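2 protein chains.
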Amino acid sequence: MSARLSRPASQSPERPGFARWLGTTNDVTQTFLSAGGVPDLISMAGGLPAPELYRVEEIAALAQTVIRDHPAETLGYGPVEGLPDLREVLARRFSSADLRLTRDNVLVTSGGMQGLDLLGKVLVEDGGLIAGQSPTYMGALDAWRPRNPTFRKLDLEDPAFDAVGALAGARFAYTVPNFSNPTGRLVGLPLRQALVDAARATGTWLVEDDPYGQLHFDGAPLPRMIALSGGDSPGPVYDGPVVYMGTLSKELAPGLRIGWVVAAPAMIAALTAAKQGSDMCTSGVTQRVALAAIESGMVDRAQPAMVRLYRARRDALCAALAEHLSDRFVWEEPVGGMFVWAVARDPALDTDRLLPLAMQAGVCIAPSSVFDPAGQDRRAMRLNFTLNPPDRLAEGVRRLAAALRRL
Amino acid sequence: MSARLSRPASQSPERPGFARWLGTTNDVTQTFLSAGGVPDLISMAGGLPAPELYRVEEIAALAQTVIRDHPAETLGYGPVEGLPDLREVLARRFSSADLRLTRDNVLVTSGGMQGLDLLGKVLVEDGGLIAGQSPTYMGALDAWRPRNPTFRKLDLEDPAFDAVGALAGARFAYTVPNFSNPTGRLVGLPLRQALVDAARATGTWLVEDDPYGQLHFDGAPLPRMIALSGGDSPGPVYDGPVVYMGTLSKELAPGLRIGWVVAAPAMIAALTAAKQGSDMCTSGVTQRVALAAIESGMVDRAQPAMVRLYRARRDALCAALAEHLSDRFVWEEPVGGMFVWAVARDPALDTDRLLPLAMQAGVCIAPSSVFDPAGQDRRAMRLNFTLNPPDRLAEGVRRLAAALRRL
Chain F
57 MSARLSRPAS QSPERPGFAR WLGTTNDVTQ TFLSAGGVPD LISMAGGLPA
107 PELYRVEEIA ALAQTVIRDH PAETLGYGPV EGLPDLREVL ARRFSSADLR
157 LTRDNVLVTS GGMQGLDLLG KVLVEDGGLI AGQSPTYMGA LDAWRPRNPT
207 FRKLDLEDPA FDAVGALAGA RFAYTVPNFS NPTGRLVGLP LRQALVDAAR
257 ATGTWLVEDD PYGQLHFDGA PLPRMIALSG GDSPGPVYDG PVVYMGTLSK
307 ELAPGLRIGW VVAAPAMIAA LTAAKQGSDM CTSGVTQRVA LAAIESGMVD
357 RAQPAMVRLY RARRDALCAA LAEHLSDRFV WEEPVGGMFV WAVARDPALD
407 TDRLLPLAMQ AGVCIAPSSV FDPAGQDRRA MRLNFTLNPP DRLAEGVRRL
457 AAALRRL
Chain Z
57 MSARLSRPAS QSPERPGFAR WLGTTNDVTQ TFLSAGGVPD LISMAGGLPA
107 PELYRVEEIA ALAQTVIRDH PAETLGYGPV EGLPDLREVL ARRFSSADLR
157 LTRDNVLVTS GGMQGLDLLG KVLVEDGGLI AGQSPTYMGA LDAWRPRNPT
207 FRKLDLEDPA FDAVGALAGA RFAYTVPNFS NPTGRLVGLP LRQALVDAAR
257 ATGTWLVEDD PYGQLHFDGA PLPRMIALSG GDSPGPVYDG PVVYMGTLSK
307 ELAPGLRIGW VVAAPAMIAA LTAAKQGSDM CTSGVTQRVA LAAIESGMVD
357 RAQPAMVRLY RARRDALCAA LAEHLSDRFV WEEPVGGMFV WAVARDPALD
407 TDRLLPLAMQ AGVCIAPSSV FDPAGQDRRA MRLNFTLNPP DRLAEGVRRL
457 AAALRRL
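For the record, the sequence lines run as chains F and Z.
Each step along the first sequence adds one to the number in the numbering used here, with nothing skipped, and position 388 is 444.
Each step along the second sequence adds one to the number in the numbering used here, with nothing skipped, and position 69 is 125.
A hint or two may mislead.
[As the list claims (entries may be wrong)] To be clear about the criterion: a stretch of chain Z counts as covered by chain F if any three or more of its residues have a C-beta under 8 Å from a C-beta of chain F, and this derived list gives those stretches:
1) 107-115
2) 168-182
3) 304-317
4) 330-337
5) 340-352
6) 359-372
7) 405-415
Don't read these hints as lab results, they were simulated from the structure.
The model shown is predicted, which means the values in this text are computed figures rather than measured ones.
Positions of the beta carbon are idealized from the N, C-alpha and C atoms, including for glycine.
Kindly produce the complete structure, drawing on both the sequences and the hints.
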């Protein structure tokens, strides 16, 4: 008979250790996502939309309607690559005179993050080289860690930046041209063109991650790199090196977990094979809600109010920073996106040490270490301005100033 | 200026090749999922529920209600590990006198498939050994291919099966004890106990994948292996070696993409770190619908009708097989699940060659090769009986018999 009831687990052999990459991960995203539980905490850490923008009644009604009208598509298994109608609508949404897209260029993903995960799966093997804008989105680092990549920094701020040298030999280059996360900076047109040209010259895939593209507050939007690369396809369908990624998380609601990848059909096919073994397919319920929200114009109608709200909040944050922190930090006012990147005047200031003091003072920030693949940059912090109203942003900055006096 | 408009893509350098594992994947699941497009095809290939069982109006109304009542949870980002209330309900659902679970034992996943993907990410590195019931669920093979594992077959049918020897050295052992996919067989109690004992003795994780546990047609359900292992935890919370996986896809609706993992807290924490970089979190909309469907009793209420319908369909399929195919195949009548596993009397019969003939005749089956990690077993086929009504099942078997005459 089994001795299971009398032998405690502690006498069992050691269980297998977890994969190596788990030793290198961080729990900052989990801390941010759960920070809502701390009473009166002002979180400027995450990249969260303003919840008052959610079209609650409209989306609730849509959800009921799409399940009733499309029971097989919403409640059954769907195609791995996404519902054909949604892929079609997305292909039209990003097509232009310079860029011919069909549904074969589109994969629907379970949020923007899944596109990054799938990309790692299809392109990176142990030690594979990723060239990435630095500092960069920590979620992308999380997505690729299980593939044990090596990382080459793309310093797009360097006036001597050599795009061909920077991309050569990489499995892919990762960029966020619109309001880069975490710096909020816009990558200019000449640099976009240079990256596209370098992708063509080196044969490297060029990832254009664009969650913030619709959050453009001032001036005209710049062309997408995938549109700049539209002429790379001799045939009737885009077949160039740019892998464009987007999401409804910032424009409509993150809880739908709907994102997309637009790329050459061969890349879409590879990502589809990876998605099959990742989650089989994205929920038909949320795909159909997303489709109805785009087709009914709800997404486009929501944009002006969103831009107005976020512009005012950016202004409020920058004004508070100017009043309380300009002696300790410098920053650029971003023309869009969700974040201000504040760099300490004192190179020895350590925002990893600032974080717990800030939490004690009732404000949460994202320290620069989590955006550095090597985890070493301690001099800056990312401040979100979309989640909180102006008075809370001002109060958050005052708390941050108080925490700094105790550093 | 850029030469992009004048230089065709074909003159560009080669793009980086895709990861090795993509060369070993199969497109059978995609074929199955898209087989709905072939007119009048009778698909007995996939593992699809009967769509007439979907509680369309109830789920549609729930979706509207949960978005209205919980806008922040449904439309915003949620905790990586799932909504606390849903984790709590799942912990209660699987707790028993022998098994003490809290929400720390539960991870919500985006469908059952995601649990398999995350498991590979946290436990398998290049060449890592997986011991798996064979033949096995092809989706599991798809999920682990990107980790380049090696595979050891667990032949649970072998009377001389040595569980300790079979599990020793493996990162984990993968089993589907209830109505194993693809064979439909129930793993008996002595073997369940032997596997649990072997997991304890070897320190190997033991995966109990249980999508079909509620589809029990005849006799009493057997205890889950995680319950048999409940005494392995000296403390107040389960901390044993069994990793139990479930899903609402068979019990309620696959389109919700809601699954779960129940395991030791350390395993849940590792899987959560992997999920963070995979899709950040599962949709709050579908999580809240799942929670409401479980709490309102809808899921439990749906079970008797589902069991009655599927039992009748199993009987119809087996009767048709007895009438038309008993000279060519042998099978066991399964006491639950979704599949009959039919093995050819002639060891030289090749179901890979049968598949295209069957498709021409208007019926789709799953050939045994796709359930063999080595792709070599060609002698059997898996037939689904849940999707089609009895008359279509009978017609499907007649078409299959016609295809066999042309083989």
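These are the hints, each one checked on the structure:
1. 107-115: holds (count 5)
2. 168-182: Coverage by chain F holds here, the residue count being 10 at a Cβ distance below 8 Å.
3. 304-317: holds (count 6)
4. 330-337: holds (count 7)
5. 340-352: holds (count 4)
6. 359-372: violated (count 0)
7. 405-415: Violated, because only 0 residues of the segment 405-415 of chain Z bring their Cβ atoms closer than 8 Å to Cβ atoms of chain F.
Checked against the numbered hints given earlier, this structure breaks hints 6, 7; the rest are met.
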